[in-house]
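Here's the letter readout for the chains.
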Amino acid sequence: MIRVTRRLEFSAAHFYHNPNFSAEENRRIFGKCNNPHGHGHNYVLEVTVAGEPDPSTGMVLDLKELKDVLQHEVAERMDHRHLNYEVPELAGKIPTCENIAAVIWQLLEPKITKGKLDRVRVYESADLFADCTEEAKGAPKGRRL
Amino acid sequence: MTASLKLSLTRRYRFAASHRLYRPAFSEEENRRLYGKCGNPYGHGHNYILEVTLSGPVDPQTGMVANLGELDPFVEREVIEPFDLKYLNEQVSEFQESVPTTENVCCEIYRRLKAFPSARLEKVRIQETSNNSFELGDEREAWNALDEE
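Which chain is which? The protein sequence lines are A and B, in order.
Each residue of the first sequence is one higher than the last, beginning at 558 in our numbering.
Each residue of the second sequence is one higher than the last, beginning at 1002 in our numbering.
In isolation and in its complexed conformation, chain A is listed as follows (with noise of 0.2 Å):
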């Protein structure tokens, strides 16, 4: 099996606010993420589609049409945009790199026709990402060595 990543980067805003919980509350959980007025990032997607290569192509999946999935679901949603306000797949959800991978992976999942979405990424900066993949079958959930 091949695995083929193709990567997209956007620009965006959000910041983190619960309205369950208190002022007070919402600074000491989300800490300068809670500046009401935002704040943002250059983020990077990198989307990883895994198969096996057609033999008469040679690809696992044709790029371009890939290149035009990312920028169709994901630029046009989430360039330029405040991700609290703007993007209805975020909305009651607080637009952290996590969540904003799970979205990805459930816009991009039914429209990847060969091979299979393998993994999500979100680099929110080169410090900080979130993965998003599927539960490998029979894994143990939160249990620890």
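No wet-lab data here; the hints were simulated from the structure.
Check before you lean on any hint, since a few could be wrong.
To be clear about the criterion: a stretch of chain A counts as covered by chain B if any three or more of its residues have a C-beta under 8 Å from a C-beta of chain B, and this derived list gives those stretches [unchecked claim]:
id : region
1  : 655-665
2  : 672-685
Not the full set, but computed from the structure, chain B residues with beta-carbon under 7 Å of chain A [said to hold, decoys possible]:
id : residue
3  : Ser1005
4  : Leu1010
5  : Arg1013
We treat Cβ as the ideally placed atom computed from N, Cα and C, and that holds for glycine.
Given the coordinates of chain A, assemble chain B onto it according to the supplied hints.
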């Protein structure tokens, strides 16, 4: 139907430290053969990059696998403060017994970080230089095999 999704969070930290690869139990000749210039008696250093990967359920109230406000001070206390700008062989007690290869540094950091209370430690990866990296995972595959027995 949506399959069950798994989320993990990876945070990158940096520390700089010196080390020397040398085992007193081996002869000088064996040390030279095994460790080459890494055995230079005065030691040498690296700018290490540490990647810590945690997994677990995303808390619906915070949207997080782990809160960096909790993780950063934990890693700072357990690893950065004791390792940064230190001579690992002499200033980290565990390496008085074992050679501070980056494999062993990985194991020691894993041991220190697995006590993080709010998410499961999934992987520790250390980049010793831009050409060398080492990682230690949570042996998930072995667990799966056990679970199926």
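We went through each hint and held it up to the structure:
As drawn, the region 655-665 of chain A meets chain B at 6 residues by the rule of a beta-carbon pair under 8 Å; at three or more, the given contact holds. Counting residues of the region 672-685 of chain A whose CB falls under 8 Å from any CB of chain B gives 3; the rule of at least 3 is met. Nearest Cβ of chain A to the Cβ of Ser1005(B): about 4 Å, under the 7 Å cut. The hint holds. With 7 Å as the threshold, the beta carbon of Leu1010(B) comes within range of chain A, its nearest partner Cβ sitting at about 5 Å, so the hint holds.
With 7 Å as the threshold, the beta carbon of Arg1013(B) comes within range of chain A, its nearest partner Cβ sitting at about 4 Å, so the hint holds.
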